[in-house]
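Line order of the protein sequences matches chains A and B.
Heads up: the first sequence begins at 4 in this note's numbering, then just goes up one per residue.
Heads up: the second sequence begins at 7 in this note's numbering, then just goes up one per residue.
Calculated from the structure, these hints are not laboratory results.
One or more hints might be untrue.
Below, simulated DSSO-like cross-link-like pairs (lysine-lysine); rule was C-alpha separation at most 27 Å, straight line [unchecked claim]:
1. A:106 - A:63
2. A:41 - A:109
3. A:109 - A:67
4. A:30 - B:63
5. B:15 - A:39
6. A:106 - B:63
7. A:106 - B:15
8. A:39 - A:54
9. B:15 - A:41
10. B:63 - A:39
11. B:15 - A:109
So these bits of chain B aren't anywhere near chain A, every CB distance computed over 10 Å [as the list claims (entries may be wrong)]:
12. 30
13. 73
14. 90
Cβ pair distances, simulated, as ranges [stated by the list, open to error]:
15. B:71 - A:4: 22 to 28 Å
16. B:67 - A:47: 27 to 33 Å
17. B:106 - A:69: 18 to 24 Å
18. A:12 - B:67: 25 to 31 Å
19. B:71 - A:12: 31 to 37 Å
20. B:71 - A:42: 25 to 31 Å
21. A:19 - B:71: 45 to 51 Å
22. A:18 - B:68: 47 to 53 Å
23. A:78 - B:71: 39 to 45 Å
Backbone N, C-alpha and C define an ideal beta-carbon position, used for all residues, glycine too.
The residues making up each chain are set out below.
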Amino acid sequence: SQELEQSPQSLIVQEGKNLTINCTSSKTLYGLYWYKQKYGEGLIFLMMLQKGGEEKSHEKITAKLDEKKQQSSLHITASQPSHAGIYLCGALVGGSEKLVFGKGTKLTVNP
Amino acid sequence: DSGVTQTPKHLITATGQRVTLRCSPRSGDLSVYWYQQSLDQGLQFLIQYYNGEERAKGNILERFSAQQFPDLHSELNLSSLELGDSALYFCASSLGDGSTQYFGPGTRLLVL
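The whole structure should be built from the sequences, with the hints applied where relevant.
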């Protein structure tokens, strides 16, 4: 079965700093999703990547899918307290619409 | 706001009881997905419905069942509840063609 490993598990940064979260898959990724979750709340869709080498940006968040399609990174530039939360990567299990998720990365941004 | 609604927001019940969680998908979405999020297991896929028909099943317990109605809303029924069923239950919806799944706010279930 496909597994996603996220690193780091948690991250504490000062406001204004850049940071990167990684998501590594045990199998080829056919669709990689990034979501953000505030504690105990719903998941907010951030971005979806499908093609190897693809890169997408939204405001100060950039996500990339590597050429071999087994790893994705999420980069936040000039972090703000509003970026705090749990970032989850999710991948479609090949040939289905089931999403498997990593355990999440908890981000704290100190003002 | 994702456009996916879930009720109730919170539910507290006792072991052995049965509860029903409700989900209304985004307008135009035909597919509904149910996920369970717990501290030890993380976010786990339970089941998917597409236009009223079951399309995919994950590690859903036999005590759990779901259905999607003609108006496309879905219900997840949990019976013979155990302490370990306490979790956040999310519903997501999509067009059903592998497109982005949008999640609802979740139902927090506490079994005492």
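Residue 19 (chain A) paired with residue 71 (chain B), Cβ distance criterion 45 to 51 Å: holds, 50 Å
Pair hint residue 41 (chain A) and residue 109 (chain A), alpha-carbon separation not exceeding 27 Å: At roughly 10 Å apart (the allowed maximum being 27 Å), residue 109 (chain A) and residue 41 (chain A) satisfy the hint.
Range hint 18 to 24 Å (beta carbons of residue 106 (chain B) and residue 69 (chain A)) holds or violated: holds, 21 Å
Cβ separation of residue 71 (chain B) and residue 4 (chain A), checked against the hinted range 22 to 28 Å: At 23 Å between Cβs, range holds.
Hinted pair residue 15 (chain B) and residue 39 (chain A), Cα distance within 27 Å: holds, 19 Å
Hint check for residue 47 (chain A) and residue 67 (chain B) - Cβ pair distance inside 27 to 33 Å: holds, 28 Å
Distance restraint evaluation - residue 71 (chain B), residue 42 (chain A), Cβ atoms, bounds 25 to 31 Å: holds, 29 Å
Straight-line alpha-carbon gap residue 30 (chain A) to residue 63 (chain B), limit 27 Å: holds, 20 Å
Pair hint outcome, residue 39 (chain A) versus residue 54 (chain A) [Cα-Cα no greater than 27 Å]: holds, 21 Å
Restraint status (C-alpha distance of residue 15 (chain B) to residue 109 (chain A) at most 27 Å): holds, 23 Å
Satisfaction of hint between residue 41 (chain A) and residue 15 (chain B), Cα-Cα up to 27 Å: holds, 15 Å
Outside-interface status for residue 73 (chain B) - nearest CB in chain A farther than 10 Å: holds, 18 Å
Hint compliance for this structure: every hint is met.
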